[in-house]
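Asks: Position chains U and S relative to chain L; hints supplied.
Chains as they are written, first to last, in this note's numbering: chain L, 56 to 362; chain U, 6 to 648; chain S, 654 to 1003.
I should point out that these hints are in silico values taken from the structure, not numbers from a laboratory. Ideal Cβ placement from N, Cα and C applies to all residues, glycine included. Treat the hints loosely; a few may be bogus.
Said to hold, decoys possible - Stretches of chain L that chain S covers, calculated by requiring three or more beta carbons in the stretch to come under 8 angstroms of a beta carbon on chain S:
#, segment
1, 285-296
2, 312-319
3, 342-353
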Amino acid sequence: MSEPVTISARQIGWQRRREALEDFWLQYRRDRNGMIGLVILVLMIAVALAAPLLASSRGLNPALATYPANADPGWHYPLGTDSDGRSVLTELIWGSRISLLIGFAATALSMVIGALIGIVAGHFGTLNHWFGRQTDNVLMRFTDWFLVVPFLPLAIVLARTLGPSLHVIIIVIGITSWPGTARIIRAQALAVENRPYLERARALGAGHWHQMSKHVLPNVMPLLIANTILTVAGTILSETTLSFLGLGDPTRASWGEMLNGAFNNGVGTGNALWLIAPGIAIIAVVMGFTLVGHATEAVLDPKLRER
Amino acid sequence: MPRPTARWRRRRAAACLALCGGLVLGVPAVAAAAPAGAAAATSGPGRSATFVVGNDGAVDGLNPFVGQTSIDFEVYGLIYDNLMDYGQTNYQPAPRLATSWSVSANQLVWTYHIRHGVYWSDGVPLTAADVAYTFWRDTIPNSVEFADNSAYVANIVHSSVKAIGRYTVQMTVTKPTPNMDLLIVPILPKHIWDHVSEKDLTTFANNHPVGTGPFRVSQFTINQSVTLMANPHYWGGRPGISTLIFQNFTNPSAEAIALKNGSIDFAEGLTYPLFNSLKGAKGVTLDNAPSGNFDELSFNNGAATVTGKKIGNGNPALLDINVRHAITYAIDQKELVRRVFLGDAEPATSVIPPIYPQYYYRPAAGTAYSYDQAKADAILTADGWKMGPGGIRVKDGRQLSLRLFYPSGSPTYNQDAPYIKAWLNAVGIGVTVTEMSTNTLTQVIGNGDYDMFIWGWGVEPNPDFQLSVFTCAQRSSGSPPNYTPGWSDNFFCDKRYDQLYEAQKSVGGAARARIVQQMQQILYTDDPYSVLYYYNDDQAYRSDLFTGFAPQPDKPNGLVLFQEVSWWSYRCMRPVGTSPSLTDRNVGCQHETGMTRTAVAAAAGPPTGAGVVGIGALAAIVLGIAGVLVARRRAAATAYDRE
Amino acid sequence: MSGAFLDGALAAAQERRGEEERAARGGSGLARSLGVKVLSAAVTLLFVLVFNFFLFRVLPADPARNLARGTTLTATQMAAINKTFGIGLPLWQQFTNYFVQTFHGNLGISFQYHIPVSQVIGKALWPTILLVGTSTVLSTVIGVWMGIRGGWKHGSAFDQISNGVNNTLYAMPDFWLGMVLLIAFSSKWFLFPAGGMNSVTGNLSGLHGLLDLLWHLTLPCVVLTLVYLAEYSLVMRSSLIDELGNDYLLTARAKGLRDAMVRSRHAVPNALLPSITLIMLNLGFVISGAITTETVFSWPGLGLASYNALNFPDYPVLEGCFLLFSAAVIVANLIADLLLTVLDPRVRQA
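The following block holds chain L by itself, in its conformation from the complex (with noise of 0.2 angstroms):
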């Protein structure tokens, strides 16, 4: 007979989070739409961080650029050249790391502040108290009111007065796309507040941080993912329009930045691939974050499956 072995409740804990993951792996490998965004994800990834060995850095430098400048697809060259005579493969893969990079930074930046105030918001809402009901409407006003303010004009103030570098442009996008997630989080948490051992958390005396951060938290965190996996697809495709407008960063060759050269130097007169390649990657990279964002939430909502 075996003897009984004593594990500790972190144990317990981790154990029932392999568990659920590995749940969640099974679920979600029968989604084919999943597996197929997933895979895209993968690979966009592998490329990205990968991309010092598939590509020399050097090519990116215009003033090191030696190709035909709009030339067709050649041997050194399978996608052809930018006005620059810089191979579009080259930028497409180096690019593949800024628009990557914009798209989870900002979604990050976007997430912490929508979940901040969606949490706060529902656990103060549901108190039973003046002060709490408050606190939840002037956040939902407040909330409310960015849901209302147009993207774009916001944007281009915002990279006038600081200038179009990297990081206005993930702090405009970021700080532009967390209402959404607000309102989905605040939701949610109002559903977990009313659940009993919340009440029971109460019973014992847990202050509102630990109620938040110990209960509500971990419970909306399945939520939480799938909507930040959504919002990155949105980001990257407003980095996009920010980069085309002429608001992105000139100096780091996104695939926006890309698009906007080829609006201004020569579409339907050279090389049409510097124009086609960058949108192909962009459908491509949107497309994966949002087939797998729907197949996870699909995973953890089980009403909604079989979609």
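Replies: Same frame as chain L, now just chains U and S:
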């Protein structure tokens, strides 16, 4: 209710299809009538032609005091006349509203004889009173009008402007001003502008301008286009076209496409890659025309106000002439021309471009800069700049790290910047590049808070203004936090240069040219600007449709339109296939180029055959789907009734 | 706009609907809840006005500089010119002027054109409404139809193909699609014009003018339609599938109704609500979202006016457009809310 039979259903479906078919055929039939109208407009006999100019920008407004862009001034010169023009062949004064002029013995009193028989577009005759009024208004001290025309009216004494009789005007200047024989100032009707007060001046829309020029405004829509009709009674002869339209394109590629399509006849403002992509396009002639433009790398040569007070945070290393020389040697002008302009530019020497040959500066043998990295290295090393960590030179504990700015909105500055950065990095100079809006950059420069920037100028045939940019008096003024910028964006200040500047104002001809050359030599040696290149104005037009242009300078690669403050081609151009006698008696049209290619009918207006096919196809699809849906719904409805 | 973003907006609207139902059951009265809605929209608009004011005062604006071109104007003179544009006064005075003027429809003077901003915006309004309106109608009709067809028989070939198409269109930047269509149909084959709203030459009266307008409208309209129909289709499909599990449909089928009847008379009307909400929400955003499409096709609407104002930079025009875009979104939200209240019988009982 009688049950609908299968036959009835089929008949209904047939009726639906018939309707769709009828529309599909009808749309093209009706639309086909349209091109006939358009065709008449472009290839008809005589003067009934329309010439469309595409541009990457629209006219801001028709008030000549508030225009700011080149297309604004292009239009003003077509609806208003000046007293004289820069001649088409050699930039010498050509009479326009002033038929002759003379100056008194002491060089201070100028008398102009005004042309007889000129009428304003509202029928009122032009007299000396209008000319006098225009100059009187333009010399009101501290006014917007004065600021707008100061390059020409700066020395005129406001109270001295007067009309003598109906056709003579007299003005006195404060000191000898040879420039008074080339006053590019639009002459305005007194009976209109007398009613526009100073307060209302900047917001007066002037939507129905009254002018004496070869064209009149018939329609103006902001952000879109301005339509001008030929003035049939123009004193200089009736133009060879009836309608002139300037159309705005926000999408540069679309403008090139429109030229190929025939939707426009002239494309201005194309980027260099787009221009080159038009090589070989049917009926299109490419004019890689040298112009009066240059771009420079400007240094912070010790920013200070007109009182001499030092301002800003410029890197003191740039006060060292060796550093500036090293930077100039490190830049490969030929490579910039090749890569950024695809060859459509010329490496530069100093600030007056070679299209003004008498003023263009050629450095003496042995004194010219060249692309020489080794020399740049040597200069810096000899100056005490040792190579330090990160490949950046260090001297006395200071790194040689400079900021490089440039304004947004230019298709070439953001291409120049990485090259310049790379070349400077190669000789051990650290560079951080930042793009900013023109307003921000102007203020930054005015405050002296910069090291280097890339920007450019357009130089008129009269070099006075361009030279004034380097005078001490054009530096910033006022007080912190935001100084009022002058025209100086380099803060160069040299007493000898200022003296020569004053001197060239009072002489003309060869004497003046000599002084201007001396001034440029000072600039070349002292290097407050590293002038990069003189870039061409690439113009593309449908030579298979129009001919008779009068390029300036009078060479095959002269500017066809958007000339240096001149408007010769507009009076002389005519459709291909018409006789030269249509315009060759017009003033200024003795040197136009004639092309004898045959006209190609390319009516580009309301839907052509192909466009009609497009709409027809779409209409057919939409109606077909609708028809099918309607038929099915009926069938379903009846089936339900049956149940 | 991003899907997650609109999901959030949708969630907001649905949540409000939920609150509506609760309030209605509690007997608060339809009129009162409508009144509250309108009031809250007005308050949001007020916030936007205030935000607008401060946002554009942050930027350096000096139109006199452009007119002065140098030091020949004295500081007093420049101050006087700037006063025409409303700059240089003390902040609180500018603030009150701003509010009073805005309520009278005076949005200031454009730096670039020197005419009232309301005129600049007024001229640009109709082209945008035409473009946005046409594409909204088309994308709604086509998108909803696709969603219904796909959702009712989900898993079918049509559903799979349309899903693939929609996912692709949804991920596509609209200006990219515009450029591709421009190259294909204006450069490679000259079927449609390269830009503008009307031909500048030729006969433009009557039927010819209308056809010419349609000819120019085609490409930009196709772009906007394609980009938005994907969303409507996906949402319609989702909500229809949601409805599929409900009992009343079982009843309808048990009654012997044909499939198409069950679908169109019972399921679809109930499933339409989220789509309607989405369409109204989108309408508010499309007006500002058309900026890239208008730029690609040189379509002289509000988007193009904003783009030109952005590059100049013409702050009064930008401010005016910004205000208009925000107001459009607020009004669209309000209408969506009201529409839901009217359409959803569960709310009307009180």
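Asks: Are the hints correct? Go through all of them and say.
Replies: So, going through the hints one by one against the coordinates:
1. 285-296: It holds: at least three residues are needed, and the segment 285-296 of chain L offers 9 whose Cβ sits within less than 8 angstroms of chain S.
2. 312-319: holds (count 3)
3. 342-353: holds (count 4)
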